[in-house]
Amino acid sequence: MKEKLEILLLDDETIVGNRLGPVLEKAGYEVEVFEDPQKALSRIHEKEFDIVVTDIMMAEVNGIKVLEEVRKKSDTTRVIIITGYATVDLAREAMVKGAFDMISKPFKPSELRSVIAKAADSLGYKKL
Amino acid sequence: MSIITITAGSYSNGKQIARSAAKRLKYEYTDSEIILSLVSREFDVSESNLAQVLKEAPSGVGMFSKVKPEYIIFIETLLTEYLLKNNIVFYGVIGLPFFQEISHVLKVRIIADLEDRIKNRMKLDNISHDKASKIIGKEDEEQAKWAATVYDIDIMEPNLYDLVINIGHIKDDDVEDALETIISTVEHKKFQPMTYSLRCMENVAISCRVRATLADIDSKMQVKSDKGTVYIYTKVVKKKAQDKVLEMKQKVMKLEGVKHVEVYMDYDLFAKVSNGQ
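Going down the list, the protein sequences come from chains A and B. First residue of the first sequence? That's 1 in our numbering, and the numbers climb one at a time after it. First residue of the second sequence? That's 1001 in our numbering, and the numbers climb one at a time after it.
So here's chain A without its partners, still in its complex pose:
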């Protein structure tokens, strides 16, 4: 088992990565932050992350597409959706396509940490 869980964080708003990246690193995770969904997808194809946190509404690639690509690559990677446009239909679609959880924006960093801790727990890691 790896010493640190590897997380890919994707959001096209700079402020989200700037704020959440350090918070998650401080919590003991290894974090790669992306603003460009294409670059994030390339990285996902190269490397199997433990957890992928992705926004939904992005200019070039929809977060659901990211979720689908992660699922093609790995059955175990936990995908957490963060969105400011949460609806019942989106929530259900995300779950059907294999999301681990979904949080509506705005949220406190502690909320994301709590969901990541659950995802880590489901992967057999103890809560950090």
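Hints were generated in silico from the structure; no laboratory data involved.
Over the 10 Å line for every Cβ pair with chain A, so calculated as not near, a few chain B residues:
| # | residue |
| --- | --- |
| 1 | Arg1024 |
| 2 | Thr1030 |
| 3 | Phe1043 |
| 4 | Val1093 |
| 5 | Ile1127 |
| 6 | Lys1134 |
| 7 | Gly1137 |
| 8 | Leu1160 |
| 9 | Asp1216 |
| 10 | Lys1235 |
| 11 | Val1245 |
| 12 | Leu1246 |
| 13 | Glu1256 |
A few chain A residues that face chain B, going by a derived Cβ cut-off under 7 Å, partial list only:
| # | residue |
| --- | --- |
| 14 | Ala86 |
| 15 | Val88 |
| 16 | Ala91 |
| 17 | Arg92 |
| 18 | Met95 |
| 19 | Val96 |
| 20 | Asp101 |
| 21 | Met102 |
| 22 | Ile103 |
| 23 | Ser104 |
| 24 | Val115 |
Cβ atoms here follow ideal geometry from the backbone N, Cα and C, with glycine treated the same way.
Mind docking chain B on chain A? Use the hints.
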């Protein structure tokens, strides 16, 4: 971890299906009667008056009527708070519009053959076909009228439900088939709770609790809440506006889970005219 709500016409075996689904899934079963007893205790209203409000929609003008609009708010409050526990099958119509925005609530409507319902009623109550038919027709009409008056919905509108099951003839096999359909559907991933949907349910419960707390000031106010921020939309008379807003905020801020309150006022034109303002 999901919630199932089931509605049905009278003598359609809806309650039996709801109870059996709860048993098979190892969920808790609850219905309007169970919730009424909780409401009666907390709000000190007789169960018979509360039961009446589920049959007869309050007109809003009956000051001396036993059926008061706030009773519905009280029932909705305790129901939504009860459902926060999850793993529950609820049988009843009340609260149906609130559950449209909660992805982990499976909403089911059971439809049965009318002639079978009549025969069911004839057998159970030992009455004639004509009488049973009239009673069931009246009950269907009352249920539809209640939902239209209280929630402005057509109870038979399929879009309100995730699953509409026509059990056809009410026989053991049909009931068993309906049960299997409900169980296999709720186990589908899309009805699994998530942080977002659980938060939506909490928001609904807080909004209902706020309406119940302020029902004596305005039973028609609209309330939305999101992560502890409460938005109140109310009609008040201009002269008393500031006092009322202050009173509302003070009451609501005492509630668990409330961090901030915003009150939006729509001055009551009718009150203005009658006061000569």
